[in-house]
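> The chain contents come next:
2 protein chains.
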Amino acid sequence: MKNWEIIETNFDPNALRYKETVFTLGNGYLGTRSTFEEGYMGEESLTLIHGIFDDVSIVHTELVNVPNWIHCEIVINGERFRLDRGVLLDYCRKLDLHNGVLTRVVRWRSPAGYTFDIAFERFASLADEHILGVRCKITSVDFTGAVEVRAGLPGYVDNTGFVHWQWLDQGSIDQQTAYLTVCTKKTALTLSMACHVEVEGAGPITYHPQDCTWSPTVMAQGNIAPGQALTATKLVTVFTARDTGVPQTAALDKLQAAVKAGYDAARVANDAAWADVWNTCNITIEGDDEADLAVRYSLFQLLIAAPRHDSRVSIPAKTLSGLGYRGHAFWDTEIFMLPFFIYTQPDVAHNMLLYRYHTLPGARRKAAENGYEGAMFAWESAATGDETTPRWVPGRGGELIRIWCGDIELHITADIAYAVHTYWRATGDDAFMRDYGAELILDTARFWGVRVEWNAARGVYEINDVIGPDENHDHVNNNAYTNHLVRWNLQMALHILSWLRATYPEKAAALCAQLELTPERLAHWRDVIANICIAHDPETHLIEQFDGFFELETVDFNDYEPRVTSMQGLLGVEETQKYQILKQPDVLMMHYLLPDAYDSVTVKANWDYYTPRTDLTYGSSLGPAIQAALAARQGDIGAAYQHFLLAARTDLQNARGNTGEGIHGATAGGIWQAVVFGFGGARLTEEGIICEPRLPSSWTRVAFQLVYQGERITFDLVHR
Amino acid sequence: MKNWEIIETNFDPNALRYKETVFTLGNGYLGTRSTFEEGYMGEESLTLIHGIFDDVSIVHTELVNVPNWIHCEIVINGERFRLDRGVLLDYCRKLDLHNGVLTRVVRWRSPAGYTFDIAFERFASLADEHILGVRCKITSVDFTGAVEVRAGLPGYVDNTGFVHWQWLDQGSIDQQTAYLTVCTKKTALTLSMACHVEVEGAGPITYHPQDCTWSPTVMAQGNIAPGQALTATKLVTVFTARDTGVPQTAALDKLQAAVKAGYDAARVANDAAWADVWNTCNITIEGDDEADLAVRYSLFQLLIAAPRHDSRVSIPAKTLSGLGYRGHAFWDTEIFMLPFFIYTQPDVAHNMLLYRYHTLPGARRKAAENGYEGAMFAWESAATGDETTPRWVPGRGGELIRIWCGDIELHITADIAYAVHTYWRATGDDAFMRDYGAELILDTARFWGVRVEWNAARGVYEINDVIGPDENHDHVNNNAYTNHLVRWNLQMALHILSWLRATYPEKAAALCAQLELTPERLAHWRDVIANICIAHDPETHLIEQFDGFFELETVDFNDYEPRVTSMQGLLGVEETQKYQILKQPDVLMMHYLLPDAYDSVTVKANWDYYTPRTDLTYGSSLGPAIQAALAARQGDIGAAYQHFLLAARTDLQNARGNTGEGIHGATAGGIWQAVVFGFGGARLTEEGIICEPRLPSSWTRVAFQLVYQGERITFDLVHR
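Quick mapping for you: the protein sequence lines, in order, are chains A and B. Whatever position you read off the first sequence (first residue = 1), add 260 for the working numbering. Whatever position you read off the second sequence (first residue = 1), add 260 for the working numbering.
None of these hints come from the bench; they were simulated from the model. Mixed in with the good hints, there may be bad ones.
Copies of one chain are not kept apart here, so a pair can be met inside one copy or by any two copies together.
Stated by the list, open to error - In silico DSBU-like links for lysine-lysine, alpha-carbon gap of 35 Å or less:
# : residue 1 : residue 2
1 : Lys397    : Lys767
2 : Lys864    : Lys397
3 : Lys838    : Lys864
4 : Lys838    : Lys514
5 : Lys767    : Lys445
6 : Lys446    : Lys767
7 : Lys445    : Lys397
8 : Lys864    : Lys514
9 : Lys446    : Lys354
Sequences are here, hints too, so could you generate the full structure?
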């Protein structure tokens, strides 16, 4: 089928890191960057497992790079197969989005002058997330002699230089089976991997286990002649203390069963699981191959990152594909990625929102530490929900730069409440709202109730000293996005409480007692809703992004073109604050999330004002897809498509130059929203989901499905 | 011989890190912490090689933990020998100071119930610093069957979690010989290690090389029965790009030669080299075994850390025995450790001072970056002499603490000049002074000439905003130690210039041109010498430590006893500044270094005033030995001995609780000074070295040797 494969036909060492990200595999349990089985100098080999965090300085905690399950080395006549030696005569790497199988086929001439065809295949099973498979076939073109395959579980892995593991145990069960058990140094999370290696060829195969400490390895040897091949099949299993009591036993038991069933059976199960998932969420775009592939690739990235069986983890900003942001979750998850799951796989969305419910204790600690009541969610969140944003990061000249997001980028607290409501509205999952959602929405409202400040002179409630979505400006007062979302959060809290009192009065009473929802507190919320500072000018229709934004100097971005970095990167952090330069939509983001708050004239006026002031190419990657969706909603399909392309090329073309640090998860989620909510024109109304398509001119057909209140609806939109 | 062995007869896992430091081995090229050959959970395995630095955040650069040459694992019937499994029936670890050989003998009962006697021996050759040896003998008490020995070169080592190495190459030469080549990530320094393993026993031995990536290993197998033994002998060689063009070739060639000569020959050469060194510097104390052993142990630590064949490295504050201070050199080297070498092994002292000469470019960069002329030495110095003091370190609560030493702890610049002069005076090495020393002393004087500030109101030159030796007080003005040493530095510069003009007029002219030593500059120096602020009260005889010290509040340390941490640790960094609490001698340090500057009444007055105000137990480890030497010089032998014991127990008894981070090199050097300059009463006069012994009552005899101007003099002091 067309547009289901990501293909690379040329090996470019300079593109190594970015391509490692692009070809990432995963199964919702772990993610693995696409480094090579045999290793390559300067690569960033990385497998991350949801929830396996360990402590680290500055960024507090990070997902830990686990032992390298893809390891498979080939030694021919004493020479290691390595792409930086010998001659690479042919090369093709392919990621099949149907089933998440990565293949690589190379023709290689060794330094000694022998030629081989080597084909690799690997997958992380979606059917059983603890099963991983690697296959390697070495065919001799002109060589006669012995070939060695060494496949093991190297545990000496690090997080960009930092080692998190302690060795606990390892061993061989038989000549073909090895295991390794390690433990994180600070969080004491045990992990066991086990592997079995089977080699087949024309002649007899001998096995020599290599039980090197930290790196138990199966070594197998066989002879080949021109036209003959050796095929190595490696099955790996992995368990952690988050999954089971004794990971080592679980890994070995699972391996035994997997070996008995065989690699092919594991592949069949994996492929079937993928087919099932695609049946719930695939999008087909006809008439635009680039868009068709880019959208499918984005969904693939979301699918391999989403926790399907775990409600105590969330999708990090860079998914499980890189160490950017250290595996922490931001509003990227709830506002950008979550809608895809809400509307296609609500069970997964349920897990992801439960993560926020489970981290309410951390959010309450953050509020208390800052002198507030209620729940104040972490800007960057990891295992516990405590704030994990670094306070200081090293700048270019070794100077430290203070990062304020963890202190004052408050809007995430309302964003999470917003996501809870969206899930409820789309799914009708009253049990979730009763048991988890209501408490979260009410406790975030509690935070806002004490965070606002009454300005008697202006007669308004203000929220001062914050950072809005546009992080180019910090320590601002009355950020429009924040204030609108806070008002919404308080309104929704009152609404949910009314609903709860009517539907589940006992739960309502319990929450009122637990959260001290006194009549005075509720009256205060109503007062804040009525009097929160909203800077909307009825004449110009403009909403000022924050107090004083209109007084900032303007800049013509064209004066700085062509550029390959952000305006902030060019001007500096302090200097940029002085200008009307947005890192990403802020007032427009509010319009996007609260479409009914203002009329179309107001949205248009603000669109026209803020869009040219937003650094869409090199500002935040969160911007373009939202701009696309909002433009489409306004009927400006040409602009929408341009913004959409910017988003679609983010990772596949490394458009921002930082794909090496990991997939832009929010962009992937935004692309889905741009297609479904933007071009597809889907929106939720009191009557259900309706679609008002505004397709780009080249798109002859768009087909997608959405789940509304348990019912799956297929939308098949044909252009004109 | 008595008091030549450090012995541990009981294995205590809680004392692991401290004992690893105590039993450190070395040969002036590398230092190796005494972890176990088979590894142990939570150990800090570490080998550091002089000059092998790599970049790291915060502390700029650090010595790199190199591949683990001591590695030797034993597997019996599939069970690994490890001290955290089975039963340890007997245990003895011994460091022989005669020859730097570390042995360990254990009787171990395996989890399966078999009993073995296992004896390990290792050494880093002092005769050929690129040769290292490990021997292991496994004797069966009641076991019959196969024993495996695995000895290799694990390269996946880290610096407290941070990985500095990239893998470059590895391989096997034959079944018994393996090598590994790695390269530091940032500084691109290549290192190669090679090893050869020979196993002997009652029956045949089979070898199976295990070429696991990152960890080439020789595996040997043999059978033993009760009463029989297997002996594994591992010879290792190591070279880096600092030593030779192609380290891998050098390591393999040297290994071939070493294997041919054999382990025993390497031991013989090592033992002979040690005997030669001890003949130059041993100290014998009769009547006090503790002192005799502690002094010898201190000299051993200095000897294994000193670069014997390298003039571009220096001894780090924690020697090569731990990662405390990351391998950086401080004034600890010149003021505390260097005198031992000046007076016993002037060639080594010569190397160490050349290191400072070679880092003059870094010192000049530091001066220029701070807006000064001349040479401003780094408070913490590494490969280049550029400042490597961390500017910020994380405090307890994750807050960052600004470290000012790199900015304003200026006295090191004078300290180094002082050391250069001491070396010259003791050795009469005019060539050194002419070629290197003069330039250093003159250029440091140049720095001081522009660093002082004229205070017209007071009519004095001031040196404001500094940190003196007492780091409990920062940003102080006119620190007495600093101002006295600066005056000395300027005086010495004029003296050296006169000497140079008289002796080597061409060199004098060249330096005057190079350093712009105009008559005006020299006149200015004379003016500073005459008018630098010196706060000496002729009435009380007290010298104020810095402007305003006498106004600070006093504290009775007894109110805080018993304590196990410093006064600063108890009160906090900011609070301590308000009190008369010294971290270490400051005015007294000046008296110690400049004994002729004041009369004995003044020294006594300041001793009485400052000693009770100094945190000698848990303040700086630099204090007690100097207090001991100064007390002895004043004739207060009782006090001197108490201070001496405090110093002597620093590492051997982990008295300060931080020996795990590495040997206190300055304490070791201070102990030598306390014995020779303090109790021995040795001092340099115009006529040579004279001794006025003031021995502690228990000491019946002290014998040491000193070299004066090329002549070796033995002092054999018998008590009364």
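> Now tell me, hint by hint, if it's right for this structure.
Do the hints match the structure? See the list:
no.: 1; hint: Lys397 to Lys767; in the structure: neither (61 Å within a copy, 72 Å between copies)
no.: 2; hint: Lys864 to Lys397; in the structure: neither (59 Å within a copy, 84 Å between copies)
no.: 3; hint: Lys838 to Lys864; in the structure: within (25 Å within a copy, 63 Å between copies)
no.: 4; hint: Lys838 to Lys514; in the structure: neither (59 Å within a copy, 65 Å between copies)
no.: 5; hint: Lys767 to Lys445; in the structure: neither (42 Å within a copy, 59 Å between copies)
no.: 6; hint: Lys446 to Lys767; in the structure: neither (39 Å within a copy, 60 Å between copies)
no.: 7; hint: Lys445 to Lys397; in the structure: between (37 Å within a copy, 33 Å between copies)
no.: 8; hint: Lys864 to Lys514; in the structure: neither (58 Å within a copy, 78 Å between copies)
no.: 9; hint: Lys446 to Lys354; in the structure: between (38 Å within a copy, 33 Å between copies)
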